[in-house]
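Student: Spelled out from the first residue to the last, the chains are:
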Amino acid sequence: MSMIILSVAVMTGIFVALSLLLIVAGRYLANYGTCTIVVNAGAAAFELPGGGTLLKALYDKKIFIPSACGGKGSCGYCKVTVSSGGGPILPTETPFMSRAELRAGTRLACQVKVKQNLEIQFSEVYLSVKEFRGRLSRVRPLTHDIKELTIELIEPAQIGFRPGQYVQIQAPSPDGVIFRAYSISSPIFQSDRIQLVVRLVPGGIASTFLHSLSEGQELFFTGPYGDFKLSEDPNVAVVCVGGGAGMAPINSIIHSLYRKWPERSCYLFFGCRSNRDVFYLDTFQALAREHPSFKVVYALSDPLAAEEQWQGDTGFIHLSADRRLEVNSKRQAFLCGPPPMIEAVTEILMNKGLRMEDIFYDKF
Amino acid sequence: MNITPVWAIFIGSIFTNNILFASFLGMCSFLVCSNKIDTALGLGSAVVFVMFCTTILNYVLYYYLLVPLKLEFLGFLIFIAVIAAFVQFVEMFVERFSPDLYYALGIFLPLITVNCAILGAALFMVIRKYNFVQSTFYGLGAGLGWALAIVLMAGLREKMGYSNVPTPLRGTGVVMMVAGVIAMAFMGFAGMLNIQ
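Respectively, the protein sequence lines represent chains A and B. Per the numbering used here, the first sequence runs over residues -8 to 355. Per the numbering used here, the second sequence runs over residues 959 to 1154.
There's no promise every hint is true.
[Claimed, not checked] Cβ pair distances, simulated, as ranges:
(1) A/Glu334 <-> B/Gly1131: 20 to 28 Å
(2) B/Leu989 <-> A/Ile196: 29 to 37 Å
(3) A/Thr3 <-> B/Met1145: 39 to 47 Å
(4) A/Phe37 <-> B/Glu1030: 52 to 60 Å
(5) A/Phe37 <-> B/Pro1068: 29 to 37 Å
(6) B/Val1091 <-> A/Gly17: 32 to 40 Å
(7) B/Gly1129 <-> A/Glu334: 17 to 25 Å
(8) A/Val7 <-> B/Glu1030: 20 to 28 Å
(9) A/His135 <-> B/Ser1056: 32 to 40 Å
(10) A/Asp51 <-> B/Met1135: 24 to 32 Å
Rather than coming from a laboratory, the hints here were simulated on the basis of the structure. All residues carry an ideal CB built from backbone N, CA and C; glycine is no exception.
With the rest of the complex left out, here is chain B:
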């Protein structure tokens, strides 16, 4: 049982324990899709939605199916399958009922299947022994934190387009360095609120 209050988990997962800057999960799409704020917003909101829903689904499957049967070790496989199937389903649903949203988010959905931050959220939920309400808010917060991180980075990269970056660092190099600096800034909040 985890006694951290829900509000602390929610705020903490966005800022102090930001899943991207504290655990460095979901780096691949973070590096590739952070060129433009528009793209970053699209991918970020898709991640928020998928992370929120799959954390709930995975919570239910884990605690109401795997734990009673003592099959906790299957967690990894089940989480991945649920995430992949959910993403497929959402893609079909959005394409059918909201073409505009599909053009904004749809092309990012396949990318999310392999975004390890989403699997990471499901695993942290288990490791930290969150209850249902805590997990729900953790999933939402971690998604928002990831979206915040990629939008911040996209904003900086749009600015960096005008600055004179040394040749060997252009592209991924300078992005990694900037990500490190932002990560340290986020760590600065850790003293205020550190969630487990």
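Chain A with its partners taken away, still in its complex shape:
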């Protein structure tokens, strides 16, 4: 008995001593004093205590650089140019950089630590990204693991965005606040609210948080971000291909598009595993009855179970797209879904005459 108590005491003592050592070291060693960050050659400048990452520092100063992974160095979105004070580029960053970017001093803001005065440059657009406060006004389950969330804006009360853009939702985690990117699913003419389509990822921090929220709760997000750009020329046909929660930007694009150009040609291809993953099909079929130029194709990739009923296509979605699309170079494509789907569909679309710059995609 005394042996157990003694060993527990010794373990605790040693672990506490080691933790104390690290805390004290963190207090005195990781203290870099006050650093100054100058943005875009003087467009903005601010002082802050050093030690953290540049991404976090900019966020604290209400400058919202896009970052889908939340600062883990895995998405490569938070590129900024650091002209002085950033130190050499790290091996964690080089895979995301082209040769031109390496020469220009491009860095990932999440990997640059603020240890001295910095001079940085980034796109003016990021200075206009805002932080929004909203209230969850409606939660609607779409499938067994996907929910549609409607967020009414409180402050600021309006949002302007292009169809297919995304916002970064703020979610609590054991290591502090994190951000995850979610595409806006609602059409652009609804400016007082946004809708998101969120799939529950097992173990996912943000999706678990969003699925646990109930109506009336408040949440924060920043945006809009993203380079999806729908052509303003009504003669340019559109094709949208999605899978799972990749429905969100596509839903926004299609509804925004038919409000403005009722005659415009548009294909929607949506891939699901089985019947229980299908959603929004009724809405799109109703839209297709209203607008004959809109074609909607859903496909199930898993073999049908014995008593399962299904009217649409079966097999992978890129094969459906291959069967139905004719060669046409006056076409834009918007893809959103898992990487293998995007790659397969991109290949099909290139064969159908699309140019790479007309294919917009979002892999997740």
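Model the placement of chain B on the given structure of chain A, informed by the hints.
Tutor: For chain B alone, kept in the frame of chain A given last:
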């Protein structure tokens, strides 16, 4: 009590009983970081430093705290905690006081926390009943041996980049085979000097 002379332990831990080639410890970072000599040198020197210091720390904790209290079975846990905390501390220290060294070694330090060769050195020190001086030189020698091994492998892999390796063996496959051949070469020294 171990009566092997200190010089024999030091030389032996580098060559004949090389911790990587004789015990195959620390393989994961050995396989991943042996692509370029620069990287291998960086990681190797970080391992030498951490192994040297943690062997001493662990010796002191084991023989002056655990043994008097008859808690030798806690050795495993204490060694791991000490290694992890030490690596964290060194990372902070180096980042603060030597940015150049940080960029050369710093990014490898987190990798070292889970390098089993370092835990292995602490455990061998206990199993072989080394005294303080022997342990110190064993820690240094084992670290140097590991660094030597990974630098040798990186040199060979840089050369292998130009050779025509059969497709199924490219990458890890051929590295494992080369590691085996080097290991046999190192074993050849065993007859001259075999430490226990």
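Student: Each hint: holds or not?
Tutor: Taking the hints in turn, this is what the structure says about them:
Under the hint 20 to 28 Å, the C-beta atoms of A/Glu334 and B/Gly1131, about 27 Å apart, fit the expected range. At roughly 31 Å, the beta-carbon separation of B/Leu989 and A/Ile196 lies within the given 29 to 37 Å, and the hint holds. With their beta carbons about 44 Å apart, A/Thr3 and B/Met1145 fall inside the hinted range of 39 to 47 Å. For A/Phe37 and B/Glu1030, the hinted distance range of 52 to 60 Å is satisfied, since their beta carbons lie about 55 Å from each other.
The given range of 29 to 37 Å is respected by A/Phe37 and B/Pro1068, whose C-beta atoms sit roughly 30 Å from each other. A C-beta distance of roughly 34 Å is found between B/Val1091 and A/Gly17, which places it inside the suggested range of 32 to 40 Å. Against the hinted window of 17 to 25 Å, the Cβ-Cβ separation of B/Gly1129 and A/Glu334 comes to about 22 Å, which satisfies the hint. Range check, A/Val7 to B/Glu1030: about 21 Å between beta-carbon atoms, so the 20 to 28 Å window is met.
Between A/His135 and B/Ser1056 the C-beta distance comes to about 54 Å, which lies outside the given range of 32 to 40 Å. Taking the beta carbon of each, A/Asp51 and B/Met1135 are about 52 Å apart, not inside 24 to 32 Å as hinted.
Hint compliance for this structure: hints 9 and 10 are not met, and every other hint is.
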